[in-house]
Amino acid sequence: MTTSQEKTLTVALMDPPYESEASTTALRIIDAALRKGISVNVFAYEGAVNLTMKGQAAHPNPVKGTSAEEQDHPTTARFISGLFGMSGEAAKLDWAVCGLCADERGAGDWIEGPRRGSPGDFYKFTQESVNTLIIGAR
Amino acid sequence: MANYLLVESRDPYQFTDAEAFYQIAADLAKAGNAVTVYLVQNGVLPARRGAKNGQVATLAATPSITVLADDFSLRERAISANNLESGVSASTVDDLVDLLVQPGTKAIWH
Amino acid sequence: MSVLSIVEQAYRGTVEEQDDTILWLSHMLKNAGADLNILLRSNAVNYAVKGQDASGLTIGGVPLTVPPTIDKDVQALIAAGVTVYAVQEDLEDLGVPQGDLIGGIQTVARSGVAGLFDKHDTVWYW
Chain A
4 MTTSQEKTLT
14 VALMDPPYES
24 EASTTALRII
34 DAALRKGISV
44 NVFAYEGAVN
54 LTMKGQAAHP
64 NPVKGTSAEE
74 QDHPTTARFI
84 SGLFGMSGEA
94 AKLDWAVCGL
104 CADERGAGDW
114 IEGPRRGSPG
124 DFYKFTQESV
134 NTLIIGAR
Chain B
10 MANYLLVESR
20 DPYQFTDAEA
30 FYQIAADLAK
40 AGNAVTVYLV
50 QNGVLPARRG
60 AKNGQVATLA
70 ATPSITVLAD
80 DFSLRERAIS
90 ANNLESGVSA
100 STVDDLVDLL
110 VQPGTKAIWH
Chain C
13 MSVLSIVEQA
23 YRGTVEEQDD
33 TILWLSHMLK
43 NAGADLNILL
53 RSNAVNYAVK
63 GQDASGLTIG
73 GVPLTVPPTI
83 DKDVQALIAA
93 GVTVYAVQED
103 LEDLGVPQGD
113 LIGGIQTVAR
123 SGVAGLFDKH
133 DTVWYW
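Protein chains in written order, with this note's numbering: chain A, 4 to 141; chain B, 10 to 119; chain C, 13 to 138.
The set of hints was computed from the structure by calculation and includes no laboratory data.
Incorrect hints may have been included.
[As the list claims (entries may be wrong)] Below, in silico cross-link-like pairs of lysine-lysine (DSSO-like), each with a Cα-Cα straight-line distance of 27 Å or less:
1. Lys127/A - Lys95/A
2. Lys67/A - Lys10/A
3. Lys84/C - Lys42/C
4. Lys39/A - Lys10/A
5. Lys62/C - Lys42/C
6. Lys42/C - Lys127/A
7. Lys127/A - Lys10/A
8. Lys39/B - Lys131/C
9. Lys62/C - Lys84/C
10. Lys131/C - Lys10/A
11. Lys131/C - Lys127/A
12. Lys131/C - Lys42/C
[As the list claims (entries may be wrong)] Footprint (simulated), chain A over chain C, 3 or more residues, beta carbon under 8 Å:
13. 73-87
14. 132-138
For glycine and all other residues, C-beta sits at the position ideal for the given N, C-alpha and C.
My request is simple: use the sequences and hints to build the entire structure.
As structure tokens, this is what we get:
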């Protein structure tokens, strides 16, 4: 195993935002890995292609009576932009969005950072990592 | 023999499949493998002392099995790290990442 | 690197997707050269049953002209060299007799699943 491979983790995601706590846990894992200098490859499959949609917008909370600013409602796109902000020489984040999954969901307009990908990217990721964590949909 | 990291995100109260996953952990240990079970999300619910969780207690009492519970998931559910089933330890996402990047570890999320 | 790909949930979005997305992904990876086998467990053992038929659906006047044919997809995986296992007790729980299974399915006892984990370099639990 190469040194680069030892310091690279692959994660496959499937859940869309706001439907499962798995999305939050996945982002926590990616955040921790990047902080520790471990590169992360992400394959966003199926509903996970919605995690990076540019059009996500924060909103106020009428039950709590808060404005959008006060509520500071996080979007997954904003969290992931932050993760790309952590990506650099020490640890790189490569986020491949399953192209066919994005097409069928109309989720092709994503934030800066992710790129269009395919199962071939996922396969390559798995061969270049010390481990692959599949976070399947529930 | 291998090192296994089994991440259980589901609880046995809603999903019977969680029990099947615990059984796989037990079977892997019985076969001579070193097994870490990392409970996260609702998977930490059976770790609360006093919860009906037969299999989690058995796993935690097995010498070749380490049972860890994610500290954020515990806190989110108001489960104190001092009030866990015997043999279960609170852990962090940083620890989880360390386990994930150990060469030779088979990591499986459920 | 040998892979055991586990499918545990059946019929999730299969009508709109026209297939099971994990069986589809597995076939793509096999075509790309992956050394991959599949384990069907829980309700997904139903994917091993002959005669699954999702045809004839029309919603809002829009017909489903190409329905999923999961049993044929499983047969195609077997023909491509993928070993497809199904947990025996899960089949029994679902009341599926041996004669209703697609040819080439290999049944494994629940107690044998850990052995399949050991036999493969990596396990992907979808």
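Practice task
Check each numbered hint against the structure and report the violated ones by number, ascending.
Solution key: Of the numbered hints, 2 and 13 do not hold.
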